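K.L.:
In case you want the letters, here they are:
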Amino acid sequence: MSVIFVLIGASLAIAVGFLIAYIWAVKSGQYDDKYTPSIRILFDNQKKQNETESKSDLNNKQGAA
Amino acid sequence: MDILTHKQTAISDEKNEIGKSCYHCGDYCQDDSIKLDEKIFCCNGCKTVYEILSANKLFEYYSLEKNPGIKKNEKIKRNYEFLEDLELKNRLIDFTDGTITSITLNIPEMHCSSCIWILENLYRLNNGIINSRVNFLQKTLNIYFNETSTSIKEIFELLASIGYEPALNLGQKEEQFSKLSYKTLYFKIGIAGFCFGNVMLLSFPEYLSIGTNELPEMKKIFAYINILLAVPVFFYSASDYFSSAWKGLKKKIINIDVPIALGILVLFLRSLAEIIFSIGPGYIDSLTGLVFFLLIGRLFQNKTYDTLNFERNYKSYFPISITIKEGNSEKTIPVEKISVGNRIVIRNDEIIPADSILIKGRANIDYSFVTGESIPVEKKNGDVIYAGGKQIGEAVEVETIKDVSQSYLTQLWNDEAFQKTEESRIVSLANSISKYFTIIILSIAGAGAAFWFSIDSHIAFNVFTAVLIVACPCALALSTPFTLGNTLRIFGKNKFYLKNTHVIEKLAAITAIVFDKTGTITENSLSEVNFDNAFLNDEEKILLKSAVRNSSHPLSKSIYRSLLEFSIHKTNSFEETPGKGIFASINNFTIKIGNNNFVNEKLIIDDEGNTKVYISINNDPKGYLLISNKYRTGLKQIIEKLKRVYQLALLSGDSEGEKQKLRNIFGDESNLYFKQSPHDKLNFIKTLQVKGKRVLMLGDGLNDAGALKQSDVGISISDNVNNFSPACDGILDSKMFHRLNDFISFAIKSKKIIITSFIISFIYNIFGIIYAVTGTLTPIVAAILMPLSSISVVLFTSFSTNFVAKKEKLL
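As given, the protein sequences belong to chains A and B, one line each in that order. Position 41 of the first sequence, counting from 1, maps to 41 under this note's numbering, and the rest follow consecutively. Position 567 of the second sequence, counting from 1, maps to 567 under this note's numbering, and the rest follow consecutively.
Quick caveat, the hints were computed from the structure, so don't treat them as lab data. Bear in mind the structure is a predicted one, so any value in this text is a computation, not a measurement. Cβ atoms here follow ideal geometry from the backbone N, Cα and C, with glycine treated the same way. Among the clues, some could well be false.
[To be verified] Quick list of in silico lysine-lysine cross-link-like pairs, DSS-like style, CA-CA up to 27 Å:
hint, chain 1, residue 1, chain 2, residue 2
1, B, K661, B, K557
2, B, K153, B, K325
3, B, K360, B, K580
4, B, K495, A, K34
5, B, K636, B, K735
6, B, K495, B, K66
7, B, K751, B, K247
8, B, K360, B, K390
9, B, K749, B, K806
10, B, K183, A, K34
11, B, K39, B, K57
12, B, K66, A, K34
13, A, K27, B, K183
14, B, K493, A, K34
15, B, K735, B, K641
[Stated by the list, open to error] If we take Cβ atoms under 10 Å as the criterion, some of the chain A residues that face chain B in the derived model are:
hint, residue
16, I4
17, F5
18, S11
19, A15
20, V16
21, I23
22, K27
23, G29
24, Y31
25, D32
26, Y35
27, T36
28, I39
29, R40
30, L42
31, D44
Just chain B, same shape as in the assembly (with noise of 0.2 Å):
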């Protein structure tokens, strides 16, 4: 048994437990009765993935990465009828020829390198499958079927049956949009490469004074050749620049494209005059080579979390399909056919995607997406049922009373937060800098020709294009991408993800931070369980532990996770009303746990809004367990360092209960708000922002999506970032919470990197314009100046930004 004790060691969520781990996913087991070829199993779940493997001999999986498995969600069992239906399918399928069919699947969950093997061995599990292929990055997968022997609904019930159940977003397009320009930004660099290395090797003999005397023609030759590759270079690998120029001069808006624009137009026009008129050599290396290097920059910047979602609308949050009952008969349709006065029927663990009423059965609705409280509420017949709720227990019919899209929580995104394109508030350092930094260039090039005029006319034309080309600021624009670039893979590597380089400094430049209560600063797995007021003795609490372990309600976890140490009687009986509680008989004792209700027959008066669990064994009430949030780690400390500097807020959705334990972290009542509704979150950070704030906002939930959306930097916290998290600019790993005020200030720092290497190319920028006014700048002065200043940059802000994150120790 060589193999389990070493499996032992397996990550697991549980911290100090000894025990044994699943050979599937590595996950904690609770005994060994699970078992299946002398390994064991923590779930039935897992067990099954182990059979179909193994029955189809992929033991391959097992032994490239220990435990790869990802535990199933035994209850989840989704429904693929609605996968027949030919308009969804249409929209999934990237091409077909009435045989062959291929289709892109997201799988968010493969994480090793034994979900690509099996990933792409799909083919010895299914016949119909011929190829398929891992794109790890980008979590997804394309699939070469044979559509006369499978379909994609059996390919989608294959894959969620070992545990890789494809994530289903109709908003493919866009993506494979991105990708495309993400191959033009390529092209455009190999071209921009290819011709600024060519046109060096032929200005050598300029650069050197070589040969040129004794062959003038081969200058001549030479000259022409350099005009030849750098028209590519000019017209398509600098397009963007003359665009984006164009684009904001039309908005009156001088962005830092302008100034680059302008030294390239006068780059070339310059070099095309000197040539064919031959005066000159031209500046064809200097245009060439600076235009690889802003492409360069640009690819740098351009760094990504594909895995990542940050875009996500409420349509992420709610099934694909739906149960509808007609009459006598069910059928599956897509979501948003759904109309007003629809009958559904919600299975287990199905979301409710409308706002309903319900009419058929014991509802009891986990609102853990729309409030992030994970306890379950119950709804009795009639009672109104949000959309975002999720059914646990037994089926029930409900009639829709509104449709999807205008569902309390889907009206949200009706805000106009979300109808507003990314126009930040916060104007980028260097697009605020490249005003004054254009008008002060052409001033200087004025006065520098208007000097020269009264000698030399031709002088003053020199001076005039050699100060723009000398001044175009390449390092200026070098410097944000790169700082900010290194900056960004800095976060991710303390698993800190950001949407895009822009949220670096808008996040240096916030204000006021607001938070939101459930699940942002507490933790959503763990609660903690106070027994000081339940009267038990360890055989009792043996017991408890016993019957709860039955039960997958968030609070029986909670209690069993408080008595890991005690060990498990068998349970003769066991039975769970939803909403209530758990009644059990074990040995010779019935055991209760529930409400007060439930457990006790005479009600014992209830003071406070915390979560109290009551107990009776053999009907001898034991007095009960009072279940509270746990706030993350490092939370008072971050809090106290917060607060020094910035305005700081706390929105809640519950009532006021833990008012008290709240003001002890936070000091001060007044920045507590209570029972705030989704839109009074929204309201709030749009009041901050009136007054001239500048808002943080850290959320979790669907609930916070608008509040997320309207604030200057949007922050998801989660404790798996490749989970639901909503739109955001940014997911921060929870377990890098109490890290928070250290980002911050690192983001702050970046944005002083960038400041100071401004500084240094100004410094090469008056050397050069000290040139190009006097008239005495060549062009191998250009030609060296230009990358000289540029990598000197780059390296500036990559060796200071990786120094002042090991300082902060983020490295």
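Just chain A, with the same shape it has in the complex (with noise of 0.2 Å):
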């Protein structure tokens, strides 16, 4: 029966674990803004790369259309 006792260290231990991940999801933040994400990602996914990268993929884009 001392298994139990085993068992319970570890689902404490497991659940402890959530709720530090759920501080730090809260302290960095995430619970700030509920909204704009949800919007943000919907938008075509152009990274941020260096000025002349992006904008020779734009010219292509422009080309194209």
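Using the hints, put the two chains back together into the complex; each one sits in its own frame.
P.N.:
The structure is reproduced here in structure tokens:
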């Protein structure tokens, strides 16, 4: 039956891990804005590359269109 | 031209207009003269923004949403020189390491996903910007930029050039504070939830009596782990209830948090005693669950409209910087540094920051911020101009005679109404009940203990604590936040935004309603133009429309709007004299439009206070147009309904010109007050309150600010809720004005729902107390009864508010 204490210990440790993850998420500001990210994810991914690269990329797009 | 045809359906303020809408902002275009890349624009401002964006290949802006742009006010060209001022700069900057700097700006104009997109792609418009992030709900933009290649001033200019002018308010520190307390609540809920879940898990063997007989030491260890889990809940998550109860007791007020804190305390101590002395398993599960539910309720109540600003002071109306003249040189200084005797240059569309005397130039002051009256007043040299007026026309020079804070209008803010902290005269329902509640519970607990004491002192102690535990008003404390939180949301869906949930309770308790006139019961943008006294044929109406089209004066705009069905001729020459009128020549006609002595050589005697616009064509007088305020739709019906229940009054800063019309609506002359100064309005509210009335004030402008603040509920009516509105408890979109009585009656019904849920929670309490006084409250009964009562009350309030809202057609 003593295995139950090991299991309780393990389950508590995992739960504490999730609690820490939650606290980290709040601290890093993930709960500050619950709306904008939902829109941001829909934008076309145009990574901020260095200027020349992104410009040539745009020109290509323009040419294609 | 497919694109253009479906753009026509875009939203436009003017109804029933068939025309083309601007590719940038979607506004109605008067003609298609402003064109670029086969796209039509309503004004050059919109075209310029399009040019900037298309030059940088930011076409996605227009593909994400239709007509996403913001109509630019072409006239306002702010001078951002003052941002070079080091002191001001430091107030704006979040942090800097000399090269990389971060600032957070408030952008009131952002409204759609295109806005987010463009603001997050600012780096493509300015190389110095490294990164920009939008928080849409708070309407803030966080920018990281490189100080070596750009500056705050350039960023402001860039944002202004594409229509997203940052609003400068220097009271940002408070905002950050509220953000912090929001985070703390999340932490508290997280920890309480974590502990609650684990405690429940560890309590199951106890509930089901599994294994406890075989392994008594397991029972003990589980109980000790429970204590360990209860400690953070008791000391951290529940700390607000203890501090609030303590604060209340110090002021000799028994608020709702007192019985809650008492319950939590007794729960914790008794559980501790039971476990340590091996008497029983304790009530840790109930304790953690209780705190968890209570905090969820608090989260629900904390719904705020971050984007709306309810706490404005006069500074938010005024420019942040001003140009002063010293000798022959001009200098830009922050507005608070103005002192008496400074000579200030006021340009077109700039606001006068302090009471001044006009020294040079022709002033034409629009006092719409102050009085709501949008028709400008002409001033001559030596005249006093009050702070808050807006100059229209040429640049003028004025000399200040008072400090910014001592000016006529800003003096209002020195009134005690603005000094007092939020201490409502109407005590919230839960708090007023909790006093009796606490006393009754304590006496039941005492009586129960006294009864058992003669039989068994041990049971007496158990009974006393059990009553306090089971009577802990969890359901009572939850019914208010959930009902009011839901009501607040329903109001918000109907464009009625309240500062917080307390306002709903206050709104339900009002007994008198005071209206401001201009801008509140009349529409700002719409005036009725009466052609009865103007003798014009259709051709002459076309001339009139063509002439006023060139002018941006509010009266010209009203006339233009009333003549939409007519066509336009080309204007040969046009001249506008501020404060007088318009002179235009079209084809072979000369047309004069304006005030009496501008148009007519011989003065025609004017009898009433209404606004008249005289017209002459080729020097032939054609009579006048009568322009009067248009009352909001549904005003008469709403007054009709409110009149039966509430004492009504109307305060107007204007003269008595409209008395007759208003009497027809309000029915009784004695409630109409004219020529009221801002201080008169404030004092009027005070007198009503002294008479024991609870006053709802509806206003719209800076001149109502004092009255709005003094009243029990001050609601500001606004055409655009994100625009300027004075300090108030709520903001009502002017389109929803006709539902005002529905809002009030819904607030009253919400209060009734709270009372009903109180009764439900009392019934639960009676059952609980029966268990408690008979000494049979086992942990499992407590663990079932507490969540059951809380959840059922929450479900009841949510369903019933939604039901009532549907019945009132608010949902």
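K.L.:
All the hints need checking, so say for each whether the structure fits it.
P.N.:
Do the hints match the structure? See the list:
no.	hint	result
1	B/K661 to B/K557	holds, 24 Å
2	B/K153 to B/K325	holds, 22 Å
3	B/K360 to B/K580	holds, 18 Å
4	B/K495 to A/K34	holds, 21 Å
5	B/K636 to B/K735	holds, 15 Å
6	B/K495 to B/K66	holds, 23 Å
7	B/K751 to B/K247	holds, 26 Å
8	B/K360 to B/K390	holds, 16 Å
9	B/K749 to B/K806	holds, 13 Å
10	B/K183 to A/K34	holds, 13 Å
11	B/K39 to B/K57	holds, 16 Å
12	B/K66 to A/K34	holds, 24 Å
13	A/K27 to B/K183	holds, 8 Å
14	B/K493 to A/K34	holds, 18 Å
15	B/K735 to B/K641	holds, 18 Å
16	I4	holds, 7 Å
17	F5	holds, 7 Å
18	S11	holds, 8 Å
19	A15	holds, 6 Å
20	V16	holds, 8 Å
21	I23	holds, 6 Å
22	K27	holds, 7 Å
23	G29	holds, 9 Å
24	Y31	holds, 6 Å
25	D32	holds, 7 Å
26	Y35	holds, 5 Å
27	T36	holds, 4 Å
28	I39	holds, 5 Å
29	R40	holds, 7 Å
30	L42	holds, 7 Å
31	D44	holds, 7 Å
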